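Here full-length UniProt numbering is used: the first residue of the sequence shown is 1, the next is one more, and so on.
Please keep in mind that the hints were generated in silico from the structure rather than gathered at the bench. In this text the structure is predicted, and so the values were computed from the model without any measurement. Be aware that a few hints might be false.
As the list claims (entries may be wrong) - Below 25 Å or equal to it, Euclidean Cα-Cα: the simulated DSS-like pairs (lysine-lysine) are:
# : residue 1 : residue 2
1 : LYS141    : LYS76
2 : LYS68     : LYS141
3 : LYS151    : LYS253
Said to hold, decoys possible - Distance ranges between label pairs, derived from CB positions:
# : residue 1 : residue 2 : range
4 : LYS204    : ALA140    : 37 to 45 Å
5 : ALA140    : GLN95     : 14 to 22 Å
6 : GLN243    : ARG98     : 36 to 44 Å
Just so it is clear, CB atoms sit at the ideal spot from N, CA and C, and this is done for glycine as well.
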Amino acid sequence: MCMPSLHEVQHRFKQGVLNEDPAFHVYIKKNKRLHPERLLQVYRNNYYISLTEALENIYPLTQKLVGKDFFAATAKAYIRCYPSISGDLHEFGGQLSRFLDDFPPTQTLPYLPEIAQMEWAGHQAYHAEESPVVDWQILAKIPEESYGKIKLQLTAACHLFAFKFPVLAIRDFCYEPHSEHLNLDSNGEYVLVTRRNMQIYFEKLTAGEYVLLLALQQGRHMQEACCMAIDTESTVDINIFLQKHFMAGTFQKIDWS
1 MCMPSLHEVQ HRFKQGVLNE DPAFHVYIKK NKRLHPERLL QVYRNNYYIS
51 LTEALENIYP LTQKLVGKDF FAATAKAYIR CYPSISGDLH EFGGQLSRFL
101 DDFPPTQTLP YLPEIAQMEW AGHQAYHAEE SPVVDWQILA KIPEESYGKI
151 KLQLTAACHL FAFKFPVLAI RDFCYEPHSE HLNLDSNGEY VLVTRRNMQI
201 YFEKLTAGEY VLLLALQQGR HMQEACCMAI DTESTVDINI FLQKHFMAGT
251 FQKIDWS
């Protein structure tokens, strides 16, 4: 019998773990106490348990919405489609929203992919690189004629979304016992997910506020970003909104050259 290549052995091991393919048993050293199939089963169980626990930690709201048993079954199906490819568990789980979009058992919960998308953003925000933030007092040093040229860079922890469903209302309804009746047919929500002082925040934005931050995140000048925001929402208070986010540490870099 020809010696298999390392790639072939690794592939068979993957199939043995994920799909319970018995072909890998021949590569396992025999043990007097446990059959090769049993040894692989022990490894397989630990593999699925550790990855399922990682998903539970990242997606607590998603789990709460579907129940622990349903989530565990969904996690197993997800792991088979998107097995971990990194030794860092913090990098595992980013495709769950996409997976839920196509997963037949969750098609009656059309809001679930957006809930997962928001939770993954919170996970990313928590582990985002720390960066110094812009001191709002620097604005006093900028010539007034240069205000329109200002470019602001959002921190790496900032994630912006225009959701089709009222994801924050769903979140509040699940976690706050005195929340009002939930209407899933209500309008979607604009959301900023960010980290401040090692705490994750999910903030609801108006349409104009969302457009303003998105334009700045895309590298547009202040004048253009403000015009886009006002065109979207004529009543948006840009000065108050920007002051709030300067104070909150939303921006990590400013340029007006």
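Here is what the structure says about each hint:
Proposed proximity of LYS141 and LYS76 is contradicted: the alpha carbons are some 56 Å apart, above 25 Å. As the CA atoms of LYS68 and LYS141 are separated by approximately 55 Å, the hinted pair breaks the 25 Å bound. Distance check on the hinted pair: LYS151 and LYS253 sit about 8 Å apart at the alpha-carbon level, within 25 Å; holds. Range check, LYS204 to ALA140: about 31 Å between beta-carbon atoms, so the 37 to 45 Å window is missed.
The supplied range of 14 to 22 Å is broken by ALA140 and GLN95, whose beta-carbon atoms lie about 46 Å from each other. A hinted range of 36 to 44 Å holds for the C-beta pair GLN243 and ARG98, which are about 37 Å apart.
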